[in-house]
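Protein chains: 2
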Amino acid sequence: MRSVTKDNITDVFTSYFGEDTDPRVKEVLTALARHMHDFAREVNLTHDEWRVGIDFLTRAGEITTPERQEFVLLSDVLGLSSLVDMLHSTPEATSSSVLGPFHVSNPPPLAIGGDMKRDFEGEVILVEGTVRDTDGKPIPHATIDIWQTAPNGMYSSQDPDQDIHSFHGLMTADENGRYAFTTVRPVEYTVPADGPVGDILRAAGRHPWRPSHLHYIVSAEGFRSLVTEVFPDDDPYLDQDTVFGVRDDLVMTYVQQPSGSFPDGFEISGKVDGTYARVDFDLVLAKA
Amino acid sequence: MRSVTKDNITDVFTSYFGEDTDPRVKEVLTALARHMHDFAREVNLTHDEWRVGIDFLTRAGEITTPERQEFVLLSDVLGLSSLVDMLHSTPEATSSSVLGPFHVSNPPPLAIGGDMKRDFEGEVILVEGTVRDTDGKPIPHATIDIWQTAPNGMYSSQDPDQDIHSFHGLMTADENGRYAFTTVRPVEYTVPADGPVGDILRAAGRHPWRPSHLHYIVSAEGFRSLVTEVFPDDDPYLDQDTVFGVRDDLVMTYVQQPSGSFPDGFEISGKVDGTYARVDFDLVLAKA
Chain A
1 MRSVTKDNIT DVFTSYFGED TDPRVKEVLT ALARHMHDFA REVNLTHDEW
51 RVGIDFLTRA GEITTPERQE FVLLSDVLGL SSLVDMLHST PEATSSSVLG
101 PFHVSNPPPL AIGGDMKRDF EGEVILVEGT VRDTDGKPIP HATIDIWQTA
151 PNGMYSSQDP DQDIHSFHGL MTADENGRYA FTTVRPVEYT VPADGPVGDI
201 LRAAGRHPWR PSHLHYIVSA EGFRSLVTEV FPDDDPYLDQ DTVFGVRDDL
251 VMTYVQQPSG SFPDGFEISG KVDGTYARVD FDLVLAKA
Chain B
1 MRSVTKDNIT DVFTSYFGED TDPRVKEVLT ALARHMHDFA REVNLTHDEW
51 RVGIDFLTRA GEITTPERQE FVLLSDVLGL SSLVDMLHST PEATSSSVLG
101 PFHVSNPPPL AIGGDMKRDF EGEVILVEGT VRDTDGKPIP HATIDIWQTA
151 PNGMYSSQDP DQDIHSFHGL MTADENGRYA FTTVRPVEYT VPADGPVGDI
201 LRAAGRHPWR PSHLHYIVSA EGFRSLVTEV FPDDDPYLDQ DTVFGVRDDL
251 VMTYVQQPSG SFPDGFEISG KVDGTYARVD FDLVLAKA
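Chains A and B, in that order, give the protein sequences.
The first sequence runs 1 to 288 under the UniProt record's numbering.
The second sequence runs 1 to 288 under the UniProt record's numbering.
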């Protein structure tokens, strides 16, 4: 169209598509361009602001490596990653939440009742629950990939002092869907704020903290895989997770237990003298 | 907010801003997030599609260098660059259009009536006009930075066989605002389609062509600088510029002239035997 104007540019964009364009490609790109155009018109985006945006993306590209994904982080702090998760969650199942960049391949096996903290110090947390379907029926033998931060706030892949498999474990629930393990509390940590996404957080007066959480990927044949996180209800950042990962149904409670009450049947049974905390969290999968 | 949902996530995002946030930063980021969220909800963006987007940005970062700016190219082919230009054009002045990546610093001086084609072959084009204000009054001594493609479709900065100043010139208009020079026709060319932006064009069934054009940056004290391009009305891509740069008032006409009619007062006067074309194009600046 010869006469492109600020009001018709979205229509011109749409008119450029080839006739054989995949309908979904056309739908997504048209909506993307329309929202981008609406955004620019609505805020009357200036050339200087446009250049700030180009410079931001360029710097994000420069800092991105296989280990540091600044574009995912941008999506996370803008809430886009969480929104995509929520769009594809099943209401009756456990909500999904962001995978994050700290999952490792080939996690070591963790027996039911096994200990994930190994030699790390701290109050013992006993986590248990049942993997079940949306009708409440236990799902036997689901696979649960579990990971969390060490007490220093770092995941194993960030910390040269940790074994790569530290605070990672792969459990198979029993025939009644039960899973159980011991660990120490995961802790709050900050997303990387030394790059361009950190500049956005600072410009917006936002902190880079995430509430502490346990990560789970739960898989069982015939069910949709669940990628999620669970958060303790006493975490100071529960209401302001910088990546918007918290959902009502992903909040767990550490229930304090008296000294001497630690149960049998765990790898560390008989070795826990003091108080400990118990978490009961069921994982509900939707049918595939 | 503990209970982030797909419907309230934009409000949660807005609630995270610090109290001292610059109002413009808050306005732009809020609108950006809201449009991004609306886009994702509207198309029900899937995890796989989200990953395609992250992969796209990552690859764009990888291919971007000081000479190859894939993020600018993305903005160009989505129409965002042109929209920002149009948002800040003055209706009574000549429309602005995209700067593009091929401008060079320190262009060589080009006298009024000078020849920009130098030793290149081709039918001579005589371009002239007046730089004037929005009341029609000539602006004396405006500076006009002019550049274009060589006949092979390449700008000097793309072409190791051209001098870096080839088809670039810096002219100062006379006291009556007149500018004039000779050249050969600029030619159509493609934007770089060998990177991720090329993948978008192919997926959309779009070609990578731009209609031929002359670039101008016009500056004069007391006036807003004008960055623009002018396009011939007989160009096959006039109605489908892949970067949306054409505006009604930026279309020029090559008027064919008979042999032997080339005027005096030009650097190449007396050396033009055959036919040539004449272009008359006034450049209208808005007051600063």
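Possibly wrong hints are sitting among the right ones.
Far from chain B, by Cβ distances over 10 angstroms, these chain A residues were calculated [unchecked claim]: (1) T90; (2) P151; (3) H165.
Covered stretches of chain A, as calculated for chain B (at least 3 residues, CB under 8 angstroms) [unchecked claim]: (4) 36 to 47; (5) 68 to 76; (6) 198 to 208; (7) 235 to 247; (8) 251 to 263.
In silico lysine to any residue, SDA-like type, Cα no more than 25 angstroms apart, as pairs [unchecked claim]: (9) K287/B x D161/A; (10) K271/B x L87/B; (11) K271/A x P258/A; (12) K6/B x D233/A; (13) K26/A x E121/B; (14) K6/A x K6/B; (15) K6/A x T172/B; (16) K117/A x T90/A; (17) K26/A x Q240/B; (18) K26/A x E42/B; (19) K6/A x D233/B; (20) K6/B x Q158/A; (21) K6/B x R59/B; (22) K6/B x T90/A; (23) K287/B x E121/B; (24) K137/B x G222/B; (25) K271/B x Q240/B; (26) K137/A x T14/A.
Read the hints as simulated data drawn from the structure, not as lab findings.
We put the beta carbon where it would ideally sit given N, CA and C, even for glycine.
> Which of the listed hints are not met by the structure?
Replying inline: Hints 8, 9, 10, 13, 14, 15, 16, 20, 21, 23, 25, 26 contradicted; others consistent.
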